[in-house]
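Asks: Residue-level listing of the chains:
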Amino acid sequence: MNNYLVELNNCGVLRNHKWLVRGVSLKVSQGEIVTLIGPNGSGKSTTAKMSLDILKPDEGTNNIKKGIRISYVPQKISIDWSLPLRAIDFVNLVKKHKTSEINDALSITGIKHLIYEDVRNLSGGEFQRLLMARAIAKEPHFLVLDEPVQGVDYPGEIALYKTIQEIVKKINCGILLISHNLHVVMSQTDYVICLNGHVCCSGAPNTVIKEPEYIKLFGKNIDPTLAFYQHDHDHEHLPDGSIDDSGRDS
Amino acid sequence: MFDDFIVRAFAAGIGLALVTGPLGCFIVWRRLSYFGDTIAHSALLGVTIAYAMNFNLIIAVFVVSCLLAISLLFLQRRTSLPDDALLGLLAHSVLAIGLVLLGILSFIRIDLMGLLFGDILSVNFTDVLFVWIGGGVVLTTLILIWRPLFAGTVNLELAKAEGLNPDLATTIFTLLIASVIAISIKIVGILLITGLLIIPAAASRNLSSTPIQMAIISSIIGVCSVVIGLQTSMIWNTSTGPTILVITLGVFILTLLPLKKLLISKKKIRIVR
Numbered sequence: 001m002n003n004y005l006v007e008l009n010n011c012g013v014l015r016n017h018k019w020l021v022r023g024v025s026l027k028v029s030q031g032e033i034v035t036l037i038g039p040n041g042s043g044k045s046t047t048a049k050m051s052l053d054i055l056k057p058d059e060g061t062n063n064i065k066k067g068i069r070i071s072y073v074p075q076k077i078s079i080d081w082s083l084p085l086r087a088i089d090f091v092n093l094v095k096k097h098k099t100s101e102i103n104d105a106l107s108i109t110g111i112k113h114l115i116y117e118d119v120r121n122l123s124g125g126e127f128q129r130l131l132m133a134r135a136i137a138k139e140p141h142f143l144v145l146d147e148p149v150q151g152v153d154y155p156g157e158i159a160l161y162k163t164i165q166e167i168v169k170k171i172n173c174g175i176l177l178i179s180h181n182l183h184v185v186m187s188q189t190d191y192v193i194c195l196n197g198h199v200c201c202s203g204a205p206n207t208v209i210k211e212p213e214y215i216k217l218f219g220k221n222i223d224p225t226l227a228f229y230q231h232d233h234d235h236e237h238l239p240d241g242s243i244d245d246s247g248r249d250s
Numbered sequence: 001m002f003d004d005f006i007v008r009a010f011a012a013g014i015g016l017a018l019v020t021g022p023l024g025c026f027i028v029w030r031r032l033s034y035f036g037d038t039i040a041h042s043a044l045l046g047v048t049i050a051y052a053m054n055f056n057l058i059i060a061v062f063v064v065s066c067l068l069a070i071s072l073l074f075l076q077r078r079t080s081l082p083d084d085a086l087l088g089l090l091a092h093s094v095l096a097i098g099l100v101l102l103g104i105l106s107f108i109r110i111d112l113m114g115l116l117f118g119d120i121l122s123v124n125f126t127d128v129l130f131v132w133i134g135g136g137v138v139l140t141t142l143i144l145i146w147r148p149l150f151a152g153t154v155n156l157e158l159a160k161a162e163g164l165n166p167d168l169a170t171t172i173f174t175l176l177i178a179s180v181i182a183i184s185i186k187i188v189g190i191l192l193i194t195g196l197l198i199i200p201a202a203a204s205r206n207l208s209s210t211p212i213q214m215a216i217i218s219s220i221i222g223v224c225s226v227v228i229g230l231q232t233s234m235i236w237n238t239s240t241g242p243t244i245l246v247i248t249l250g251v252f253i254l255t256l257l258p259l260k261k262l263l264i265s266k267k268k269i270r271i272v273r
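These protein sequence lines map, in sequence, to chains A and B. According to the working numbering, the stretch in the first sequence is residues 1 to 250, in order. According to the working numbering, the stretch in the second sequence is residues 1 to 273, in order.
Take the hints with a grain of salt, since some may be wrong.
[As the list claims (entries may be wrong)] Under 10 Å between C-beta atoms, here's a sample of chain A residues computed to sit facing chain B: (1) Leu20; (2) Gly23; (3) Lys49; (4) Ser71; (5) Tyr72; (6) Ser78; (7) Ile79; (8) Asp80; (9) Arg86; (10) Ile88; (11) Ile108; (12) Lys112; (13) Tyr116; (14) Lys138.
Read the hints as simulated data drawn from the structure, not as lab findings. Here the structure is a predicted model, which is why all the values come from computation and not from measurement. All residues carry an ideal CB built from backbone N, CA and C; glycine is no exception.
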């Protein structure tokens, strides 16, 4: 594996005589965003869990580079009502941080004012931002984001995805992202893996969208937006970075 | 000064309450209330064995409790039955085994009331030592495993993914509960120990806004209840263990009063959407 942070080799998970997902291979290296897309039940979260070694693959091997810091933003977390937990305590859950670091992480995701708020008083979107902040605060080498923006308002979603890109640049971590937002996936990702119980197709975004398997899963109706993605991609490196507006103008 | 049985009672009670506070918080957070009961049920078997083999009571109960805890962890991994069903299965089968064994060994006379409700006024110096040394070990261990245990309580997968070992912490935590129940058997008895674990924690929940706060306040409530309970029981000549629990209940009811609102009204309150 060497220079890879995480590597899955032909991995599969068998539960109750059914393969949840099978034959998945992927590699995530430093500074790279790898995205998993696919319909519900296609094994995206399962794959993410194998890459975190929460789930041991029933076939194939999963390798995680030794000694790297890992952050995980799970798809769903429910906090028990009996737990008194403030945002700051949640950020400190796995590793204790300095208050200044916590403040920084919370401002990046736009919820600095909620630092001493009880997590159960947070709205769904605010909690999602808190999950992100906690993951960022650790300055991970490898970051797994399982639908990190669900429930976040639209401007917030754009901003959070932008943040994710900035994080990659700043701390040079590798990201495994699960997302339903094909805009983002196609414009901001280095490598896309399309899952449906197995790997349908994979590759750079602009090659994946031409694959017949991809079109079969996601349909042709997203064709109009294809130009939009590619346009985004063209403008990705502009310093002013107002990606959406440039997209709409075209 | 330990010659006085009152002093010994205070020492044992306070020592126990200090430990049950934080441990009880985890029991509440992890929804394990019934687990304490299950382990307590196994105490009869431990006591029987201790009497039959002329062995130290606390150690015998501890060993049996640990075996029970381990069988629970084993069953959890081997069956798909829900936890409450497994706990019910274990609690009552182990209680039945204890009773059968007690019937076979008919020469043993067990003070059943003492076992069920404890007798804090009869603790000897060795018992006090067990409480403080055992309790100290339990508290220290709990502090050492706090982070993985707490992270695993909030979200198991997250804790695992980020390199902690919540499974190990959970196993150790289970053994800690077993030890506390063994320690407490002479003080409050097996029927009431779950109460001493849960009620102070529940009362503390109403007053605290962080996990550590809840653990500390829980200990304080426990200690206060022991002190007040012991004194009350001496004044009114009531049985001590139950009196202590009644006091904890009283504290719990007090915490339901809108005291906290008065306390935090000075801080800014954010409108909850």
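Asks: The structure should be examined with respect to each hint, and the outcome stated for every one.
Replies: These are the hints, each one checked on the structure:
{"no.": "1", "hint": "Leu20", "in the structure": "15 Å, violated"}
{"no.": "2", "hint": "Gly23", "in the structure": "23 Å, violated"}
{"no.": "3", "hint": "Lys49", "in the structure": "7 Å, holds"}
{"no.": "4", "hint": "Ser71", "in the structure": "7 Å, holds"}
{"no.": "5", "hint": "Tyr72", "in the structure": "4 Å, holds"}
{"no.": "6", "hint": "Ser78", "in the structure": "9 Å, holds"}
{"no.": "7", "hint": "Ile79", "in the structure": "7 Å, holds"}
{"no.": "8", "hint": "Asp80", "in the structure": "6 Å, holds"}
{"no.": "9", "hint": "Arg86", "in the structure": "6 Å, holds"}
{"no.": "10", "hint": "Ile88", "in the structure": "9 Å, holds"}
{"no.": "11", "hint": "Ile108", "in the structure": "19 Å, violated"}
{"no.": "12", "hint": "Lys112", "in the structure": "14 Å, violated"}
{"no.": "13", "hint": "Tyr116", "in the structure": "8 Å, holds"}
{"no.": "14", "hint": "Lys138", "in the structure": "8 Å, holds"}
Of the numbered hints stated above, those contradicted by the structure are hints 1, 2, 11, 12, listed in ascending order.
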